[in-house]
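Asker: Given the sequences, and given the hints that come with them, work out the whole structure.
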Amino acid sequence: MSDGTMHVSVPELRRMAPDALRMSGLLRSQADECAEALVWTEAAFGGAISHLADSKNSLGLLKKGGLKCLRSPNGISVDARGGSLLEVGIRVFDFAWATARAENGHSRVLLKNVNGFRFLPYLVLHYAKQGAMVVARKRDAGFPLATNVRSLLTVTGSCTGSRSSALTVARDFDDEDHRPPAFFLEMATNEAQLQGDPFRGLERMDDIDISASARFEDAVRNGLSLSEQDFATISELNARVRVEAFDGSHTQAG
Amino acid sequence: MLDSPHVDTGTVPTHPLIRTPDSSAFTAAMRKEQDVMSASALRESRSTNLSFARSLVHRMTENSWRVELQALDIDSHGQGSAVYNIEAEGFSLKFAVFSHMPADSERQGRIADTGFDFFGVLAEGDADPHIFARDHDEFQKHMWKGRTDNTVLGWTVANRSHRLFEHVVEKLTEGGEPHLDVLTEGGGYLIRNAGYYGNGRQGTRAWETLGPENPLGYPYHCDLFTLFLWRCASFDIVEATARARAEHACQLTAAVKRSLGVGNSSGIGTAATLLKWPSWLSAYTTARETVLAYALTKPGPIPAAVVHNVLAELHEQDVEDASTRRGQEQAVMTVCSVLEDIIKNEQTSALATADGSPWKKIWNTAAARVNRHGQECLAAALINSYPEAVEVAVRMIPRAMAIPRATDPRMPAHDLVEIIETRYSWALKIDLTAPSSRERFWYRSEDNGENRRGFRFQDPGVEKESFVDVPGIVQALYTALKSVPGEVLTGEFLLQHPEHSLAVSRVQLANILPYSEIQENFLDRDFLPSDGVKGFLSMLGIERAVPTTSQWVRGVFFRGAPLPEELTGGVRVAAKNARRELV
Numbered sequence: 001m002s003d004g005t006m007h008v009s010v011p012e013l014r015r016m017a018p019d020a021l022r023m024s025g026l027l028r029s030q031a032d033e034c035a036e037a038l039v040w041t042e043a044a045f046g047g048a049i050s051h052l053a054d055s056k057n058s059l060g061l062l063k064k065g066g067l068k069c070l071r072s073p074n075g076i077s078v079d080a081r082g083g084s085l086l087e088v089g090i091r092v093f094d095f096a097w098a099t100a101r102a103e104n105g106h107s108r109v110l111l112k113n114v115n116g117f118r119f120l121p122y123l124v125l126h127y128a129k130q131g132a133m134v135v136a137r138k139r140d141a142g143f144p145l146a147t148n149v150r151s152l153l154t155v156t157g158s159c160t161g162s163r164s165s166a167l168t169v170a171r172d173f174d175d176e177d178h179r180p181p182a183f184f185l186e187m188a189t190n191e192a193q194l195q196g197d198p199f200r201g202l203e204r205m206d207d208i209d210i211s212a213s214a215r216f217e218d219a220v221r222n223g224l225s226l227s228e229q230d231f232a233t234i235s236e237l238n239a240r241v242r243v244e245a246f247d248g249s250h251t252q253a254g
Numbered sequence: 001m002l003d004s005p006h007v008d009t010g011t012v013p014t015h016p017l018i019r020t021p022d023s024s025a026f027t028a029a030m031r032k033e034q035d036v037m038s039a040s041a042l043r044e045s046r047s048t049n050l051s052f053a054r055s056l057v058h059r060m061t062e063n064s065w066r067v068e069l070q071a072l073d074i075d076s077h078g079q080g081s082a083v084y085n086i087e088a089e090g091f092s093l094k095f096a097v098f099s100h101m102p103a104d105s106e107r108q109g110r111i112a113d114t115g116f117d118f119f120g121v122l123a124e125g126d127a128d129p130h131i132f133a134r135d136h137d138e139f140q141k142h143m144w145k146g147r148t149d150n151t152v153l154g155w156t157v158a159n160r161s162h163r164l165f166e167h168v169v170e171k172l173t174e175g176g177e178p179h180l181d182v183l184t185e186g187g188g189y190l191i192r193n194a195g196y197y198g199n200g201r202q203g204t205r206a207w208e209t210l211g212p213e214n215p216l217g218y219p220y221h222c223d224l225f226t227l228f229l230w231r232c233a234s235f236d237i238v239e240a241t242a243r244a245r246a247e248h249a250c251q252l253t254a255a256v257k258r259s260l261g262v263g264n265s266s267g268i269g270t271a272a273t274l275l276k277w278p279s280w281l282s283a284y285t286t287a288r289e290t291v292l293a294y295a296l297t298k299p300g301p302i303p304a305a306v307v308h309n310v311l312a313e314l315h316e317q318d319v320e321d322a323s324t325r326r327g328q329e330q331a332v333m334t335v336c337s338v339l340e341d342i343i344k345n346e347q348t349s350a351l352a353t354a355d356g357s358p359w360k361k362i363w364n365t366a367a368a369r370v371n372r373h374g375q376e377c378l379a380a381a382l383i384n385s386y387p388e389a390v391e392v393a394v395r396m397i398p399r400a401m402a403i404p405r406a407t408d409p410r411m412p413a414h415d416l417v418e419i420i421e422t423r424y425s426w427a428l429k430i431d432l433t434a435p436s437s438r439e440r441f442w443y444r445s446e447d448n449g450e451n452r453r454g455f456r457f458q459d460p461g462v463e464k465e466s467f468v469d470v471p472g473i474v475q476a477l478y479t480a481l482k483s484v485p486g487e488v489l490t491g492e493f494l495l496q497h498p499e500h501s502l503a504v505s506r507v508q509l510a511n512i513l514p515y516s517e518i519q520e521n522f523l524d525r526d527f528l529p530s531d532g533v534k535g536f537l538s539m540l541g542i543e544r545a546v547p548t549t550s551q552w553v554r555g556v557f558f559r560g561a562p563l564p565e566e567l568t569g570g571v572r573v574a575a576k577n578a579r580r581e582l583v
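Residue numbers (our numbering), protein chains in the order written: chain A, 1 to 254; chain B, 1 to 583.
Each hint should be verified, as a subset may be incorrect.
[As the list claims (entries may be wrong)] Subject to a maximum C-alpha distance of 35 Å in a straight line, what follows is the list of computed DSBU-like cross-link-like pairs (lysine-lysine): (1) Lys64(A) <-> Lys129(A); (2) Lys145(B) <-> Lys63(A); (3) Lys141(B) <-> Lys429(B); (4) Lys68(A) <-> Lys112(A); (5) Lys429(B) <-> Lys482(B); (6) Lys464(B) <-> Lys68(A); (7) Lys64(A) <-> Lys298(B); (8) Lys276(B) <-> Lys68(A); (9) Lys32(B) <-> Lys298(B); (10) Lys298(B) <-> Lys145(B); (11) Lys298(B) <-> Lys129(A); (12) Lys141(B) <-> Lys56(A); (13) Lys129(A) <-> Lys360(B); (14) Lys141(B) <-> Lys129(A); (15) Lys63(A) <-> Lys276(B); (16) Lys360(B) <-> Lys112(A); (17) Lys464(B) <-> Lys63(A); (18) Lys64(A) <-> Lys482(B); (19) Lys64(A) <-> Lys112(A); (20) Lys482(B) <-> Lys68(A); (21) Lys464(B) <-> Lys64(A); (22) Lys145(B) <-> Lys112(A); (23) Lys64(A) <-> Lys276(B); (24) Lys361(B) <-> Lys298(B); (25) Lys482(B) <-> Lys257(B); (26) Lys298(B) <-> Lys56(A); (27) Lys112(A) <-> Lys129(A); (28) Lys56(A) <-> Lys32(B); (29) Lys63(A) <-> Lys298(B); (30) Lys129(A) <-> Lys56(A); (31) Lys464(B) <-> Lys429(B); (32) Lys361(B) <-> Lys56(A); (33) Lys63(A) <-> Lys361(B); (34) Lys429(B) <-> Lys68(A); (35) Lys464(B) <-> Lys360(B); (36) Lys257(B) <-> Lys32(B).
Simulated from the structure, these hints should not be mistaken for lab results. None of these values were measured; they are calculated from a predicted model.
Answerer: Here's what the structure looks like:
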């Protein structure tokens with residue numbers, strides 16, 4: 001198309017994404033669940049597919065082994081070893097959510113050395129739908145409390161009460177001072193537990209961007225505009241799963 | 001093969017959405033998963049009134065859908081175009097057909113093919129004709145890389161029946177009409193479906209946005225409606241072709257048209273679908289087994305009309321089997337004999353008494369005397385004889401299909417172990433170290449993504465194999481879980497062992513959904529993909545299904561279904577009654 005974009009559908013991306021992720025280095029076992037994170041983020045915010053192209057060297061780390069959690073008196077930390085939230089996010093959020101349920105309904109996990117923050121809103125919403133109260137805070141705003149509230153980036157999700165899902169875009173999460181990116185992930189079974197934590201008093205940044213889900217739903221209904229480059233990226237990655245024809249392969253068709 | 005404690009695996013969990021009566025008799029009447037989810041059960045599965053094609057026909061007739069030919073321009077070679085208007089439940093649709101010059105030899109209709117005899121576009125509303133021309137042009141130039149927009153529901157392709165299309169045109173041109181026996185012998189169709197590509201493909205509208213009120217909002221109805229339209233188009237195109245050759249050419253009679261369906265041949269990709277979507281498999285199978293249990297627990301006396309219907313259904317299947325030459329007629333006739341023996345003996349007939357569950361007694365008697373094929377025929381006959389149960393089950397299927405495969409990270413490891421030991425004991429028993437157990441692998445070819453099955457230790461591409469290995473991932477998960485403390489939560493386990501996340505989600509889903517797994521090793525040397533294909537096509541509603549190889553199954557859809565003019569005007573020909581006219 002003349003403007004360098006094309007109209008694609010959400011199911012089309014959903015269909016291509018699992019194999020594209022697998023060919024990007026992700027475990028086959030994670031391809032389906034990570035595919036939804038990829039498609040939702042692309043539809044709601046954009047930049048997810050280009051992240052695949054830009055993160056060739058950081059994707060696939062879980063093939064080399066899982067993540068280790070370190071428990072200390074100060075809390076729990078997980079070193080993502082430079083991986084992307086696209087790949088490690090669901091595993092870390094699953095871990096934090098399980099821990100919250102096991103430990104009086106509240107958990108706090110410091111996720112260190114991670115990138116791909118554009119996938120944070122999807123993760124928050126995904127777990128909020130399961131009933132989790134989720135807050136993700138930049139490390140500098142955590143222990144001890146940050147003085148510069150404006151640098152705080154909060155992603156909240158809630159499906160309870162009258163509050164609708166509220167998400168902030170995490171696109172500016174990268175550290176200006178080039179410290180290894182990290183954030184605190186809090187998960188709780190009810191909001192009171194979050195309000196009673198050391199972050200009490202900080203301004204909640206709810207309802208900053210409630211349109212992300214609406215944008216995704218609109219994309220499901222009407223499709224989305226994708227750059228030809230991004231479409232080529234995901235198409236080519238998807239096609240890599242196909243096996244070259246060889247003598248006799250035609251007779252193996254079914 | 002892994003060691004696991006002996007556990008009772010016979011209990012079928014209650015589906016969270018498909019409610020069944022809370023009685024021990026009903027629970028006992030539900031068939032066990034090992035009986036229903038085996039390759040032999042899939043091989044012998046029959047279409048029922050729960051099948052998606054039949055529920056579509058039911059909806060079309062109940063709501064008097066209008067399918068009308070708006071324009072037709074076909075030359076003596078059968079080349080040209082046609083447009084249909086569809087009015088359904090307050091929604092408008094258009095279907096455009098482009099008919100090409102036939103190929104010199106019969107086209108196979110595979111996705112890897114580079115040409116098709118027919119191309120169709122199904123669009124919403126009063127679509128502008130230029131959309132159809134645009135999409136046809138896109139397909140001609142770019143095939144499956146062509147693009148459209150979301151006013152279009154889908155593209156579909158089809159091919160002529162090499163045996164019948166030209167034969168029927170010639171007969172009509174000569175002023176005669178084809179003989180029913182010839183049509184049956186030739187496959188029972190003029191056009192053979194080669195695929196429907198919608199739900200987002202090429203930029204088409206996402207099916208999920210249609211909603212349940214949309215006439216095509218029920219699962220698979222959009223896909224199958226295009227098959228119904230191909231059947232309509234096949235009649236109009238052969239008649240128009242004959243008229244182009246001879247002004248006074250005959251037309252097909254309604255009886256001949258009803259005897260024809262639309263052909264279909266499906267390969268192993270459909271079998272893989274059964275594994276990819278366990279919720280879908282569970283939804284349909286649970287609905288089917290629930291209706292069967294409803295029949296089996298129906299208290300006596302059984303009304304004579306119901307008994308008559310069951311016998312008629314069996315007879316119909318007998319004739320269908322004879323037409324497919326499967327050599328199974330004897331099994332069906334034995335089921336008929338068992339029933340007839342009981343009915344004739346009114347003094348002792350279980351059906352005439354008010355005691356117990358008459359059909360259950362007959363089922364047990366029949367099960368001891370007929371093979372698996374006969375049992376599945378009886379099951380289908382019973383299901384089709386209780387429309388009130390079918391109607392309820394049909395409504396439940398969509399919601400049950402939508403249950404997601406998600407991970408519950410809060411579950412302790414010992415719970416996962418217990419689920420595997422109870423719900424996957426069949427998988428633990430498979431010796432995956434046996435040479436034959438991993439002999440095959442499934443993959444997608446560079447030939448347009450066509451699904452294929454290679455030899456693991458011989459062919460290239462193993463590193464890209466498609467997922468079909470349920471026993472393998474479950475055994476690996478089981479072994480890993482045994483190495484961690486039982487109280488470890490799934491979330492922590494998967495943080496350290498992310499390679500098991502797929503297996504965990506399947507196992508947790510199987511914990512709440514009955515009939516969600518096919519209890520076979522798809523990689524085994526002896527597994528026949530055609531069994532899975534047959535099972536899936538039966539869900540869709542195929543008739544006269546016959547495996548042509550170990551990887552392909554052919555058959556026909558909508559044979560005996562109402563004609564477009566019978567959908568309206570009060571001619572409420574139920575699909576089953578129309579089919580019986582053919583018997």
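Asker: Which of the listed hints are not met by the structure?
Answerer: Hint check: 3, 7, 10, 11, 13, 14, 16, 22, 25, 26, 28, 29, 32, 33, 35 and 36 fail, others pass.
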